[in-house]
Amino acid sequence: MSAARPGPAGAVESLVARTLLAGGLIGLALILAGGALYAAHGGFHHHVVHPTRPPGGAPPGVFTSVRQVLDGLRRHPMDPLAVTALGLVALMATPIVAVALAIAGFLRAGDRRYAAIAAIVLAMLVVSLAVAGGIH
Amino acid sequence: MSLTVFSLAVLFTSVGAGAVGSILGLGGGILLIPILTIFYGVDIHYAMGASIISVIATSSGAAASYLRTGLSNLRVGLFLVMATISGALVGALLAGVVPVRALELILGLALSYSAFTTIRQLHDELPEHLGEDRHAIRFDLGGRYHDLRLQREVTYRAQRVAPGFAAMFGAGLLSGMLGIGSGAFKVLAMDYLMRLPMKVSTATSNFMIGLTASASAGIYFSRGDINVLIVAPVAIGVLAGAYLGTTLMARMRNTTVRKLFLPIVVYLAISMILRGLGIHLL
Chain A
0 MSAARPGPAG AVESLVARTL LAGGLIGLAL ILAGGALYAA HGGFHHHVVH
50 PTRPPGGAPP GVFTSVRQVL DGLRRHPMDP LAVTALGLVA LMATPIVAVA
100 LAIAGFLRAG DRRYAAIAAI VLAMLVVSLA VAGGIH
Chain B
0 MSLTVFSLAV LFTSVGAGAV GSILGLGGGI LLIPILTIFY GVDIHYAMGA
50 SIISVIATSS GAAASYLRTG LSNLRVGLFL VMATISGALV GALLAGVVPV
100 RALELILGLA LSYSAFTTIR QLHDELPEHL GEDRHAIRFD LGGRYHDLRL
150 QREVTYRAQR VAPGFAAMFG AGLLSGMLGI GSGAFKVLAM DYLMRLPMKV
200 STATSNFMIG LTASASAGIY FSRGDINVLI VAPVAIGVLA GAYLGTTLMA
250 RMRNTTVRKL FLPIVVYLAI SMILRGLGIH LL
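Top line first, the protein sequences correspond to chains A and B. Note that numbering that gives the first Met the number 0 gives residue 45 to position 46 of the first sequence, counting from 1, and the numbers run on in steps of one. Note that numbering that gives the first Met the number 0 gives residue 16 to position 17 of the second sequence, counting from 1, and the numbers run on in steps of one.
Source of the hints: derived by calculation from the structure; they are not laboratory data. Hints may be right or wrong, so weigh each one.
On the chain A side, residues computed to face chain B include the following (Cβ under 10 Å) [to be verified]:
{"#": "1", "residue": "Thr18"}
{"#": "2", "residue": "Ala21"}
{"#": "3", "residue": "Tyr37"}
{"#": "4", "residue": "Gly60"}
{"#": "5", "residue": "Thr63"}
{"#": "6", "residue": "Leu69"}
{"#": "7", "residue": "Asp70"}
{"#": "8", "residue": "Leu72"}
{"#": "9", "residue": "Ala81"}
{"#": "10", "residue": "Val88"}
{"#": "11", "residue": "Ile95"}
{"#": "12", "residue": "Val98"}
{"#": "13", "residue": "Ala101"}
Backbone N, C-alpha and C define an ideal beta-carbon position, used for all residues, glycine too.
Model the full structure from these sequences, guided by the hints.
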């Protein structure tokens, strides 16, 4: 017997869906929190947006590593844009976390073939990230 | 431009990009990059950084809903994304080695052909019969969903899995070599080659593009292409747009989705042929 609604999604599908939703909401909350802090510090009054890249040095709002984001969070007073950047990092990591959890979900459902496929996909994602880092 | 005005304008634009992207399985970069660069004067690198985040946000926002309703097929997505990512990795290695313009020309012609096949099956609501493809049976590449528009359960199974898998590898290869998104090719491969229902094709593409984009987001981030002040309103707008898009798409006919998809294929075909001839629209 299957539930009439919301549809024929299996346990693994629900797990992945919940992970994607949670990641999206956490990212959104952090982005909004950072924006609110930035507004509270008068950021929206003082700044004119720089849509082009200045020669040399990164403009405000550009973080190039997770370490820089964490440094911004630890600073006193805290950099509000680092909070927003953390939200973006959470958003970027969400699909990868979802695939990692899918491996566990498929194993629990007894589907070894798809646990292996999800593991292959996760490995490929990690390799892609490493290759990207290597090029840089 | 003042930051407040800029943020609000980009936010509203992104709602539209997220809605269209989530309906068509594209991620919205194809719309967002030209708008950001032409109308808001955003640097192309920042626009591409914003686009990659918008793809992930669209995908996460939409796939969460599509997976729950069965429109996004997790197994089909994971199975095919193996081909796309390995294609993209090989493509990145080959970038700079292959003659790009010849490739763009070939791709443009292939897309023109796809546009004709899309026109030919424009009025097919659902694939006629369930396939007997042995790979589809072996890898359980099928499923069912409740179609809100047709008011019934739709059961489907992939056909021509081997060519579909090869096409996905090709899609990844091209996106790696040419630095373009591959959402449209994924949808074409699933809809035309594998004969999945159009809505399942775009919804599953939606799930897949998030995975491939998150793999390449790292490089944009470390290059300094992701500017928080530009990306934040994009991410918020796109998440809201994706939510809106999934609600709309669940109630659309498969033929409606295909009709909306056609202009994108035509645009891509024309811009690729022009690029092959040395004329860049953007």
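Evaluated hints:
Proximity of threonine 18 of chain A to chain B holds as hinted, the smallest CB-CB distance being about 8 Å (cut-off 10 Å). A least Cβ separation of about 9 Å between alanine 21 of chain A and chain B falls short of the 10 Å threshold, and the interface hint therefore holds. The beta carbon of tyrosine 37 of chain A comes within 9 Å of a beta carbon in chain B, closer than 10 Å, and the hint placing it at the interface holds. The beta carbon of glycine 60 of chain A is positioned within 10 Å of a beta carbon in chain B (closest approach about 4 Å), and the interface hint is therefore held.
For threonine 63 of chain A, the suggested interface contact is upheld, since its CB lies about 5 Å from the closest CB of chain B, less than 10 Å. For leucine 69 of chain A, the suggested interface contact is broken, since its CB lies about 14 Å from the closest CB of chain B, more than 10 Å. Interface restraint check for aspartate 70 of chain A: the shortest CB-CB distance to chain B comes to about 14 Å, outside 10 Å, so the restraint is violated. Among the interface hints, the one on leucine 72 of chain A is violated; its C-beta lies about 13 Å from the nearest C-beta in chain B, farther than the 10 Å criterion.
Of the supplied interface hints, the one on alanine 81 of chain A holds, with its beta-carbon coming within about 8 Å of a beta-carbon of chain B, less than 10 Å. Checking valine 88 of chain A against chain B: minimum C-beta separation of about 8 Å stays under 10 Å; hint holds. Annotation: interface hint on isoleucine 95 of chain A holds; nearest CB of chain B at approximately 5 Å, less than 10 Å. With its C-beta approaching chain B no nearer than about 7 Å, valine 98 of chain A sits inside the 10 Å limit, and its interface hint holds.
Taking 10 Å as the C-beta cut-off, the interface hint given for alanine 101 of chain A holds, the closest approach to chain B being about 7 Å.
Against the hints set out earlier in the document, violations occur for numbers 6, 7, 8.
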